[in-house]
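S.K.: Take a look at the letters that make up each chain.
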Amino acid sequence: MRQKLLILYVRTPDLKSQVGAWSIYDGTGREHHTTGDSDTPPYNSVFDAMKDGWRVIQFPQQFPAYPGMELSTAYLKFEYILEKLEETRNG
Amino acid sequence: MDKTYLLNSVQMANFAADGLLRFDELIPDDVNREAMREIDEGLIPTHYEEQGQPLDGLWTQSKGFGAMFRLPQVQGIIQSLIGPESLYDHHAFHRVGPGHEEGQTWHADAIIDTRQHFDIQLFYYPHDTPREMGGTMFLPGSHLRRIHETDIGRYQNFLGQLPMVCKAGTLAVGHHGIWHCAQPNTTDKMRYMFKLRLNPTVRQKCLWNTDDLDSPEVGKVLFRNHKWYGNEDRLEYANRIKFWRFLTGNESFDVNYWLTRIENTPERLTAQAA
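These protein sequences, in sequence, are chains A and B.
Numbering of the first sequence is given in our numbering, commencing with residue 6 and proceeding in unit increments.
Numbering of the second sequence is given in our numbering, commencing with residue 244 and proceeding in unit increments.
Source of the hints: derived by calculation from the structure; they are not laboratory data.
Being a predicted model, the structure only gives us computed values, none of them experimental.
A hint or two may mislead.
What the hints assert, rightly or not - Which residues of chain B face chain A? A partial, calculated answer using Cβ under 8 Å:
| id | residue |
| --- | --- |
| 1 | Thr247 |
| 2 | Thr348 |
| 3 | Trp349 |
| 4 | Met380 |
As the list claims (entries may be wrong) - Computed, partial: chain A to chain B, Cβ under 10 Å:
| id | residue |
| --- | --- |
| 5 | Ala26 |
| 6 | Ser77 |
| 7 | Tyr80 |
Positions of the beta carbon are idealized from the N, C-alpha and C atoms, including for glycine.
Using the sequences plus the hints, can you model the full thing?
M.R.: Structure (structure tokens):
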């Protein structure tokens, strides 16, 4: 079994909110993914991906803003990591 | 500087909203051909020139890259954003070889940079760049985010990402903070992109043609959403308003009351409290 990871960045902490950014890392080696390789997300939400068999393995934690940085933006906040385990020729 | 070559306020608002301006086929063919010849014959050094020197003294004999940034149209763009007497920071000939299938990691250049003052980077495409050749992928609206270089390297795709698919002679001008990455080149030809970073030496205040400063279009552009923002769109608007205040020197500028509301901390006592 090999792990395939799907990382979805969504609008709000709500798992049904819209995907704004995404990444795929395929440990089976069957798919090649890199920056800029698609313009539309593979799913509209985390929930849609769950319905297609993806398991959520990490939720984003939420922290209050650091004093003085309330309006600052940096990384995408609501990052959900999902996995599928797939058989390969090597097991 | 002839006003006709300067950017206008709506263009500057676009720069504030997107961190990027694009000028398709701005550079004439003869300059593009000379630029390619300078690459092929090694006439412009690939190593950095002395950093911090005045741009005006750089590559004065060049009919390619030097001529490119001396065009009045390009001088107008540079002067509108960073003013006269700008400094050379560094340059680079970025090349992506034929059959290269891996995209570069998303990044912002240099290091985390918290200034309102900003550098610009010219991204010059001296030959046609179809999608299968790349070119640079930009993320409009990412320039005000406080990240350090490739710390954003886990991301692959964003709604609204913008690949520079363009004809020869196209110039993109970016805020130093914009997120970008080189794209794969699946053709059998080398792809080139020339990058030049410049620093200001004057306060970046109303350097452009401000005749349309009060245009209602400015506020509309500053309020442009980028779908990848998600729930942080309002924070981005707030930061753009702050950036516009810096650019114009108008500390009370606002759009839709976003900053005015949270800056309202009255101290006037009522008669009863006094």
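S.K.: Run every hint past the structure and note whether it holds.
M.R.: Against the structure, the hints:
no.	hint	result
1	Thr247	violated, 36 Å
2	Thr348	holds, 7 Å
3	Trp349	holds, 6 Å
4	Met380	holds, 4 Å
5	Ala26	holds, 4 Å
6	Ser77	holds, 6 Å
7	Tyr80	holds, 6 Å
Of the numbered hints listed earlier, the single one contradicted by the structure is hint 1.
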